[in-house]
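Colleague: Each chain, letter by letter, is given below.
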Amino acid sequence: MTTTTVNGRVESLPDDPDALLIDIVRDQLKLTGTKLVCGAGVCGACTVLVDGAPVASCLMPAQAAAGKAVTTVEGIGAARLHPVQKAFMAHDALQCGFCTPGFIVEATAFCDQWRATRGTAVPSREEIGAALSGHLCRCGAYDGIFRAVADACAGRFDGDHVAAPRIEARDKVTGAAKYTVDINHDGQLEGLILRSREAHARITALDLAPARALAGVAAVSLLGDDRIVRFVGEPIAAVAASDRKSALAALAAIKLAYEKLPAVVGLDAGRKDGAPVVFDKASRKRAGNVSEAAGGPAPWKQNIRGPTAVFSTRAKKARSWVDEARQANNKLLVEATFRTATQQHACLEPHAAVARFDGDRLTLHASTQQVFHLKEQIAKRYKLDHDKVRVIADHVGGGFGSKASLGTETIAAIELAREAKAPVRVAYDRQEELSVAGYRPAAELKVALLPSEQGALKALSVTAHADTGAATNSTIAGLARLIYPAEAKDLSDFDVISNLPPGAAFRGPGGPPMAFAVEQSIDEAALRLKVDPIALRKRWDPDPNRQRLYDWASGLDIWRNRKPQQTGRYRRGIGVATGYWLYLWQPNVKVEVAVKGGRIVASTATQDIGTGTRSVLADTIAREFDLEPSDIDVRIGDSSLPEGPGSGGSRVTASVMPPTLQAVRKLKAQILEQATRKPAPGSNAPWRELIARSPDIAVVETRGEDGKNTAPGIRSPLREVGLMGMVFGWMMRRFSNIAVGAGVPSSVQVIEVEVDTWLGHVRVLNVHTGIAVGKIASPALAHSQACGAVIQGLGYALYEARELDPKTGDVLTAGMEDYRIPGIADTPEIDVHFDEAGFDHVLGNSVGIGEASTVPTSAAVANAIHDAIGVRLTEIPIRPDRIVAALKGRDAA
Amino acid sequence: MSAATAMAMSGPEFRAAGTDLSERRRSGLSCGEVIDLTASPDMIGIAWGTDGAARIGALTAIAAIASDARLAQAYPGITAAAQGLATPQIRHMATLGGNLAQRSRCWYFRNPQIACLKKGGSDCPARTGNHLYHVAFDLGPCVAPHPSTMAMTLLAYDAKVTTDRRSGLSITDLLGDGSNGAADNLLAPGERIERIELPAPLAGERALYKRAISRSYAEWPLVEICVRAVISGGVFQQVHITAGGIAPVPLRLVASEAALQGKPADAATIAQAAALTTAGAKPLPMTGYKLELLTGLVRDVVERIAV
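From first to last, the protein sequence lines are chains A and B.
If you number the first sequence the way our numbering does, the last residue is 893 and the count never jumps.
If you number the second sequence the way our numbering does, the last residue is 1200 and the count never jumps.
Pulled out of the complex, with its shape left as it was, chain A reads as follows (with noise of 0.2 Å):
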């Protein structure tokens, strides 16, 4: 038997040549804070030091570790923080966390290496970037990670002081969070899907009993009752044995018979005359939802649902300006196609779930973005009580919208579990997190804009055809009609569906494509108008928060000295885009403010997929009673608490935040009232003294409607549209629970970029951000968050595309190697500005930030390379050969 040393200790190793030393990590050892993401050695989650050097646990083979010493992340802070692990913390170098264990191995690594080789000189931020080259963080941590390591390295962080400003960040620096992955009951069984390989196909024939045969395996089957399989991937059954091997043999074991039926595949061929029908007008309510609220009745012909045009306004007249404009030659008229890629979420946590049944409770801990709401949806489907139902979600690494609804992992863990009679584990693996999980479908937008001859904005027409796969209800033409009025505009979406994995709400769904398109063109009308084109956006764009972001922005050094298009092989050019996603929060979400035991405790079911909710509901408490947020216990993630929002549509901050403050000026009152004793005169803590000596109190506030709106221009921008947009809000409110307030929350970007003409690479230089989401509840998580939309934009415009098989749909893009997500060294310089009004009638005055901050971000990069070259990229994302290609046959370098 051979033996390694882990965190000092001797392990064995086992015999079998396909243990992975992350195996033994993991599993044998019970350390979780190494984490599996990709499994080909890409993002760096799983990284350990053999030896003092850092390599993929992944991919090393658990014999060649042998007799070698073996350090965790868990090895790493064990004794003493490591400064790479407070400098981690106080620069708030971390969101959802997932990555933050490899990041901390590799980068305690190179600090190390770095501090006795270079003493306390600053690494710069290419030594930097080329040293955490291996790993990969999707919610974009990477500004901070950046200030991080710096200072790590320069000696800051060698005391031993630790402050952060996420209250859970020591528990992700030092691996100690606990993911739904890293749940492992005694008896817990492994759950694994058996997925359709036909695009469509009737399943004629399922026998599961060769695989219940073997020993300890259950299965159940997870096709609906038509039988028919829709896309690549589609769940067909689920097993759970002991083990993933044993799984596997389960999975081959079943028998399965075909009729195979035509198919199509993507936005293109589904549109076709003739092309095979997907959905039957039977099985329409199949079809996944790629949007955050449920969708309204819209005409649907065979593959294509649409036109929803509920937010055209004179739409006849806005194609006949068009037509006009068109016939007359009017150079002002701005037309142009624009087409958006498939953007994966790419979550580094898979989606997940461990469901375990205690007679007839079900314990489930998922990785979700709505703990509460999960539990419902299960209650109702599996006919339990709500009360026999508890989902649980202490950490959720990554969500993005993916992980918003009651998901095959959920089901199959459940069913499993009931059938097993033992708890079941499913977690995705990369290939299917990068295929069946969802995505932001791609789109083709088809834009014609008519200034008039006074330079007011006549006529706005879009037309959107989404790329939604084995789902509908995709906004992003709609989304044109809540910024820059215009006298006409035609705004139709249509849903392409075809036999594709459905798609999902992802950040600001339709946000990002419509801006792509909208505000390209907005450019485009802003040369021909010679006008700057901030000053243009200014001029027909009055919302008010929107408008202060303007001023800002045209103000900044970098607007204001802008420079002649350039010519060479390097080519600089700066671009600014505007975008903006509706305020809403969620009604009836309940939090309790209590005292326990002499501290303050906050609970409502609610989550952190990376946003930091925690430190929101700590940091506003805290300040109210002027304490530390350290000394606020936050409870979430359980969904035995007061209802709590979903994580998503930004409505987080927005929903907890009144009934939170509601709740603290009642616990102050009660506090003062049972008081025995006055606070000491002239004490400087005096809530601290009243609170430590106060009998346990407990206060539920539920969160109420909004204050009537003060200032001037600040209305829902559904009223503004008219009677479709308050129907569309109050189907809102009525069937997704959500409600839509005054205000919009905003977004301005100014974008640098420079163009390698020869080689067709863009590097983005730096990004100024300015932001309009009311008060900031916590600066620097807020600063995070805005610094992460802007890094998810960026992959976006840049890099981010699913690739297909074109016959048969089979994702090629499902690894991490292929699906290509931002590195750190790929992170500009980002300067953030909040402006913070706009939100007075709401109570706390903040509303979320997560989608309006990556809305604006693909357009600017693409206004700004129209400043380099010359040329508009109308297609993203704008990869090596799509420059080159634009490039080709202009002028030479």
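Careful, some of the hints might be misleading.
[Stated by the list, open to error] Cross-link-like lysine-lysine pairs, in silico, DSS-like; alpha carbons within 27 Å at most:
hint	chain 1	residue 1	chain 2	residue 2
1	A	Lys807	B	Lys1012
2	A	Lys888	B	Lys1175
3	A	Lys538	A	Lys446
4	A	Lys245	B	Lys1012
5	A	Lys888	B	Lys1103
6	A	Lys260	B	Lys1012
7	A	Lys260	A	Lys281
8	B	Lys1175	A	Lys807
9	A	Lys316	A	Lys446
10	A	Lys421	A	Lys380
11	A	Lys260	A	Lys807
12	A	Lys331	A	Lys538
13	A	Lys255	B	Lys1012
I should point out that these hints are in silico values taken from the structure, not numbers from a laboratory.
On the provided structure of chain A, position chain B as indicated by the hints.
Modeller: Just chain B now, with coordinates in the frame of chain A:
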């Protein structure tokens, strides 16, 4: 997982560090016997002959090659290529022999559910399907580019490969001419690479390596090149230009080499040579852009060599 029979490869495979094989084992692509390579001392490390020529053991880690100061002095193209591939964590583990013998990175090949020429299938699904990252020099039935950056740079150095059975193999002897779509190399079953032998460096030779990618790091090259030359009296001599990412095997760009050989090291010569990089190219419908990148890369790197 799927219902179809996985296109697994069930023959025995050698394992050095496992950075390629472990991924294929996890996906189910490789399911035969694993034979761990045990290192004899001459299979690890860099040895130097009295003539200044280096010999690199096949199990030498890429990171060791990337950080070797003497190697960087004598063969800068090799250390630069080693620094540019994969990620730091992979470079610490992966070996030179493993880099040469790794399997294709084609997204059809890597999907265990899809048949292809390298998995006993009868045709190449990438050719008629999505080949965005595939070859622009269509030299054989399989259109996947060869993944080995080290092979590309060793080709520029006229390196010779020694296996447990044969010696003096050129990179072309090892990898073939691209006409065999069924394999990534021409090693016989059970044959393993033991070491690489490099000719002594030429007096005054320079070399540079560069890859064109969309992000900054950690991406398989769209196109990569190594340029090696002696510039004597302002004239190009002994020019070697090799390219990867564009063909089923690393290529020598002989037309560009010839256009530089014996010519003055000036912008006009370089532009002319760059224009010739695409001689013999046969791009696929989606890979024409690689020729633009190849031209740009050659111009870029040769200009910097000539400075």
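Colleague: Give a verdict on every hint.
Modeller: Tested hints:
1. Lys807/A - Lys1012/B: 20 Å, holds
2. Lys888/A - Lys1175/B: Roughly 18 Å between the alpha carbons, so the hint for Lys888/A and Lys1175/B holds.
3. Lys538/A - Lys446/A: Given pair Lys538/A, Lys446/A holds - Cα atoms ~24 Å apart, limit 27 Å.
4. Lys245/A - Lys1012/B: 23 Å, holds
5. Lys888/A - Lys1103/B: 22 Å, holds
6. Lys260/A - Lys1012/B: Given pair Lys260/A, Lys1012/B holds - Cα atoms ~24 Å apart, limit 27 Å.
7. Lys260/A - Lys281/A: Within the cut-off at roughly 20 Å; holds.
8. Lys1175/B - Lys807/A: With Cα atoms ~24 Å apart, Lys1175/B and Lys807/A stay inside 27 Å; holds.
9. Lys316/A - Lys446/A: With Cα atoms ~16 Å apart, Lys316/A and Lys446/A stay inside 27 Å; holds.
10. Lys421/A - Lys380/A: Holds. Lys421/A to Lys380/A sits at ~21 Å (cutoff 27 Å).
11. Lys260/A - Lys807/A: 14 Å, holds
12. Lys331/A - Lys538/A: 22 Å, holds
13. Lys255/A - Lys1012/B: 24 Å, holds
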